[in-house]
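J.: Start from the sequences, fold in the hints, and give me the full structure.
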Amino acid sequence: MTALLRRSPAGAAGVVILVVLAVLAALSYLGLLPYDPIAQQPPSRFLAPSGAHLFGTDQFGRDVFSRVAAGVGNSALIAVVAVAFATVVGTLGGLVSGFYRGIADGAIGGVTNVLFAFPPLLLALSLASVLERDWFTVAVAIAVVYVPIFIRVTRGPVLSLREIEYVRAAVSTGQSRWQIMLRHVLPNITSIIVIQVALSLSWAVLTEASLSFLGLGTPPPAPSLGSMIFEARSLVFVAPWTLIAPGAVVVLLVVGLNLLGDGLRDTLDPRNRGNR
Amino acid sequence: MRSFVRSRVVRRVAGTLGTLFGVAVFVFVMLRAIPGNQITANLGTEAAALTPAQQLALERYYGLDQPLVTQFFSWLGNLFTGNFGWSARAQQSVLDLTLRSLPVTFELAVFSIVLALLIGVPLGMLAASRTNSARDAAGQAVSLAGLSIPAFLLATTLLSVFAASFGFNPNGQGFATFLDDPLLNLQQMVLPSLVLGFGIAAPILRTTRAAVLEVRADDFVRTARAKGVPERRLQVRHVLGNALVPIVTMTGLQFGYLLGGAVVVEQIFSVPGIGRQVLLGIQQKEYAVVQSTVLVIALAFVLVNLLTDTLYRIIDPRVRAS
Amino acid sequence: MPRGVLPAVGIAAALSLALTSCSSSSGSAPGAAASGQGGGTLVVGVTSDPDTLFPWKATQFQAVNVLQNLYGTLTEFDKDLNVVPGLAESWETSEDGKKVTFKLRQGVTYADGSAFDSADVKSSLDKLMDEKTAAVARASLSSVKEVQAPDPNTVVLELTGPDAALPANLASVNLAILSSDDTEEELNAKPNGTGPFTLGNRVANQSISLVRNDKYWHDKPKVASIEFRVIPDESSIVSAMQSGNVQLAVFNDPLVAQTAQGGGVEVAKTPQLNYHVLQLNAQHGDLKDVNVRLAIQCAIDRKQVLDTAALGEGEVVGPITSPAYKSDPAKRPCPTRDLAKAADYLAKAGKSSGVTVKAIVSQGEYATSVNEAQNLKAQLAEAKINLDLEVLESGAFVDRWVAADFDAAVALNGGRPEPDGSYGRYFTSTGNLNKVAGYSSPELDKLFAEGKAATDQAARKAVYDQVAAELENNAAWIWLFSGYTYTATAAGVQGFVPMANGSLQFLRTTSVA
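Protein chains in written order, with this note's numbering: chain A, 1 to 276; chain B, 1 to 322; chain C, 1 to 513.
Since the hints were derived computationally from the structure, they do not count as laboratory data. Careful: at least some of the hints might be erroneous.
Claimed, not checked - Over 10 Å on every C-beta distance to chain B, these chain A residues come out as not near it, computed from the model: (1) V20; (2) V23; (3) P34; (4) G61; (5) V81; (6) L92; (7) P120; (8) D134; (9) W135; (10) T137; (11) S172; (12) R177; (13) R183; (14) S191.
What the hints assert, rightly or not - Derived list of chain C stretches under chain A, where covered just means 3 residues or more per stretch with a C-beta under 8 Å from a C-beta of chain A: (15) 298-311; (16) 364-375.
Backbone N, C-alpha and C fix where the C-beta goes; we use that ideal spot for every residue, glycine too.
T.: Written out as C-alpha cells, the structure is:
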C-alpha cells in the first residue's frame, strides 16, 4: 500500500477518492447520517443545498446527502460482489481454457460464446424473473454478464504465454499443470486482470444503474446511485442538485476505481517496476 | 497433414454448431422464464377481460397451445428451410427484418470500431511512451471520460445540442440505408458512431497502453534497441506489432458486443438496427423474432471470434511458431 | 391501462432531459417545417409503431391512434366526448329500450372501393360477439341478443335489456366496421376501412404513412398524407421537432413537454380521462375488512401524492373522470387526510397494531408509478399501515394484475367517456374485470343496471354519483389523481384538437403550412 502511494501519484489519488467514498458509506452503515435516507418530509421539498441539507432535498423532501451516502454503500457492494464473482470464475475459466486447450477450451469457449451472444437485457430480465429480487440477485445478474469477458481477456494471453520458453522449461521440469498455471502463467496476466477488474467495477456501477431503471435493480425506496440518477433525470430543471450529487459521485467512484487500477498495475507488475 | 487440417476444420465447425445450439436452447428457455406472453404483451391489462374461450382462441392463434418441445423443434426445423418465423407486429418475416437491420448495425459497428481504433491506439501508445508524464495524463483523462460518461448521456447531449443550436439532425428524418441515399445515410451514422466509438476508445486505449508497456519490457525489444534499430521503427514494428494480440482481442470483443449491445444508441438516434429488433421482440414477446435474431447475432459473434483467432495466428509470432 | 412506454426507452431518456431542456431554452431553434416536409405531409413523431393493424385486437395507444384514422365506427365522439353519428346517420331506441334501429349512411366506400352496407355491420357485430374472434371489446356488446339487417341501409339490434351505454361503446375503434369480405389475415397486411385515410407506405419499426381518402364521407382531410415516424426516445422527438423534421407529437411526461416548448413549437395541455389509483383487492387478507380499506382511504393526502410524484401536474379526482359524469373528489370519507380517523378505523378492524399490505408497482410502464408508490408507502407508514412494495418490470406487472395476484396495485387505468364502460366491467359481480377489481355488491349491481336503463342524462348523472359514493364509502379502491397530455405542434400546424381520451381523430382537420 505504501509502495503504491509512493510510486504512483495516480494510484494515490484513486486511493484518496475511494477512502472518502468509503467513509461516506461507512457513515450510512453506522447510522451516523444527518437524516434517515428514506424518510419523506414533503413540506421541505426541493430545498436547495444549504447548511442543513448539504446536497439539498429531493421531490419527497428526502435529504440528498444522506441518500447519496447510503447509495454509495449499496452500489459499491453490488459492484464489488459482482466483479469479484466474475473475476474468480472468469479468470479460472480463461486459464484452463487457454492452457489446457482441447476439450476444456472447446467447452468453456462454447459457454462463453453462448453467454456473449446473448443480449444482456434479456439475460437480466430472465434472471430477475427467475430469482428472488434483492441486491444479491442484481449482483449475480451483473456477474453473469461479465464472466465471459474475463474468460476472453485472459485466454488470449495465456495462449501466447504457454508457448514462452520459461513456461515450456517449467513443463519439462515436471511441475504439475496447476503449479505452472498459478506460479508462472497467472502472475504474467495479473496486469491484464487488474485493468479488467477496474474497468468492470466502473461498468458494474453503471449497469446497476440501468437495471435499477428497468425495475430490476435495487428495490425502492432503498437508494442506490443508479436509481437516484434515474429518479432525478427529469428533475434537472426543477432541482439540478438531485441529479448532480449522485451523478458526480458515480463519476468520482468510477474515476477513483480506475486510478486505483492503474496505480496497482504500475506498482505490481514486476517488469514495469524494472523499467523505471 | 491433410487429415490434421480436416479434423481441425471439422472440430471448429462442430464447435460452432454446438455453440449455436446452446444459444438456441438458452434463449428459448430464458424467454419463457420472463413473465407474460404474446397475448398479454398485445392486450396489456385488457387480457384480464378475456373469456376462457377467447383465451383459448388466442393461444391457438399464436401457437402457444403447443407443447414447449414441439415449439422448440418446429422453430429449429423451420430455420433449416430458411423460415426464421413471422413477426405479426411488423407483418414481415424475421428473415426480411433481419436482412434490413443487420447491415445497419454492422455498418454502425464498423464505423464505431474504426473511430475507436483511431482514437485509442495512437493515444495509448503515446501515453505508454512516457508513463506518468503529461501525455500519459492526457490519455488517462480521455479514457476516464470515455468510461465514466454513459453513452445515453453523451448521445442525448450531442443530439439536442446539434438539433437545437444548429438545426442539424439527420436522424430526425426517416432512416435511409446506404443504398437508399448514401449521403443521408452517412450523415445519420456520424453521431451514433461518434458516441459508440468514444466509449470503446477507452478500453482500447488502456489495453494498448498496458500491452505496449509490457512488450517494451521484453528482452527482444531491448536487444533491438541495443542493436540500434531506429526508435520509430522500433515502436511500430517491434512494440506495436507484438502488442497487437491484446488489442485485437479487445477490438474483437467490442465489435461482437456492438452487434447486440448498441440498443441504447440505436434508440436515441432512431437507427433501426438489430439491437432494437431484439428489444422490440422481447417487449412484444414475439418469441420467434427474438430466438432467430439472437441466433443470427450469435452466428455473427462466432464469425468475429474466428476472425480474431485467425488474426492471432497471423500477427503473433509466438502462436505462429507453434 | 395505456401501454407502450418502452422500458429501454427510459434508459435512453435518463439524465438526458436536462440537456435537452438546457439547449432548447437557449433558443436558436430554426423555424419548423424547414426541411422539405411541407406541401401536404404532416409528420407525427411516435415512440413505437403499431403492434397490430387489426382494429378488434388493438389496445396499444399507437395502434389505436393509427387505426382510428383508417377505420370507421357506427358512432363517434365529438371534441367534447358527446356521441355523434358516424357510419350510422341516426338511431332510435324502442319504448321498452330493447331494440335499437340504426339508419346507415349511404354512399360510403371502403379503401378498396367496395360499398359499405348493413351486411357489413351485421357480419362485423356477429364476429365481434363470437368468442373465437377474441375481440377485446366483446363485452361492450354483451346486451346485444341479435343483429338484423332488414335492408341495406338499416340495422336493428335486439337487446336483452335497455343499454343506454351502447351508442357510446360503439364509438370505439375496437368495434370498427369491417367489410364482410375481409379476413383478419388480409386486414393485418392491408387495412381496408372507411376512415378519412388509407394506408400508404409502411417500413416496419421506422414509419407508417397514411394517405388522404378522397372518397371519405365526411369533411376531407386537409393534408394529403400523414407520416407516423418512429423515434423511440421521447427527448429525441423533441430534438426532431426543434430541427423541423417532425410537426406534431403527443407527450405524457410534463417535463419532456416543457423541453419542447419554444422555437416555434407550441405545447397545449389537455386533462385526461385516465386516472392514477391505488387498487385494493378486497378479496385478499386484511383488506377484506372495509375498516382497513377506509383506514387507508383516510391516511392518504392525495394532493401530496400528486405534488411529490407528478410535481402537481394534474388534479385530484374521484372515480369518474368523464366530464359529463365527473365525481366530486370532496365527497368521500376523509376528503382531507385524517390520521386520527384512520387510527379509529384500524381499531374498529381490531388492527390497532398495524397491518401489512403488499402492493405491486410497475416500472417503465409510465413515468410516475414508482414515485407514487414511494409516497404512498411513506404516508401509510405514519398510520401504521406497512405498504410492502414489489416493483416489477412491466410484463411481470401485467401478468400479476391479470391474475389478480396482489393485495394492492399502483396503477394508471384508462377512463372512458361513458361511466358504464369505465366501471361496469370492474364493479358489477358479472363484470369481466371483477376478479381484478376485487369488489362488488348488490347495491352496485343494482345501480349499474339502473344506469344502463335510464335514458335521461340528468337521471344517469344522479345514478353514477351514487355509484361513485358507493365506491368511495366502501373504499373499493383509492382514487388519486388525473394527469394531462401535452400536444406539441410546430409553427404552421393548425386545426388539431386534442381530446381527453387521447384520441388523434382530429388529424383529419389538421392542416400544415
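J.: Evaluate each hint against the coordinates.
T.: Consistency of the hints with the structure:
1. With a least beta-carbon separation of about 17 Å from chain B, A/V20 lies farther than 10 Å from that chain, consistent with its non-interface assignment.
2. Under the 10 Å C-beta cut-off, the non-interface status given to A/V23 relative to chain B holds; the minimum distance is some 21 Å.
3. The Cβ of A/P34 lies farther than 10 Å from every Cβ of chain B, with a closest approach of about 28 Å, so its non-interface assignment holds.
4. Residue-level check passed: A/G61 sits 27 Å from the nearest beta carbon of chain B, beyond 10 Å.
5. For A/V81, the shortest C-beta to C-beta distance to chain B comes to about 21 Å, beyond the 10 Å cut-off, and the non-interface label holds.
6. Consistency note on A/L92: stated as away from chain B, and its beta-carbon is indeed over 10 Å from all of that chain's, at 18 Å minimum.
7. The Cβ of A/P120 sits about 7 Å from the closest Cβ of chain B, inside the 10 Å cut-off, so the non-interface label is violated.
8. No beta-carbon of chain B comes within 10 Å of the beta-carbon of A/D134; the shortest separation is about 18 Å.
9. Every CB of chain B lies more than 10 Å from the CB of A/W135, the least distance being 21 Å, so the non-interface label holds.
10. For A/T137, the shortest C-beta to C-beta distance to chain B comes to about 13 Å, beyond the 10 Å cut-off, and the non-interface label holds.
11. Once the 10 Å rule is applied to beta carbons, A/S172 is consistent with being away from chain B; the minimum gap is 16 Å.
12. For A/R177, the condition that its CB be more than 10 Å from all CB atoms of chain B holds, with the nearest at approximately 17 Å.
13. Residue-level check passed: A/R183 sits 19 Å from the nearest beta carbon of chain B, beyond 10 Å.
14. Not every CB of chain B is more than 10 Å from the CB of A/S191 (nearest about 6 Å), against its label as outside the interface.
15. Interface restraint, the region 298-311 of chain C with chain A: holds (5 residues with C-beta to C-beta distance below 8 Å; minimum three).
16. With a cut-off of 8 Å between beta carbons, the region 364-375 of chain C has 7 residues touching chain A; three or more are needed, and the interface restraint holds.
The structure shown violates the earlier hints numbered 7 and 14.
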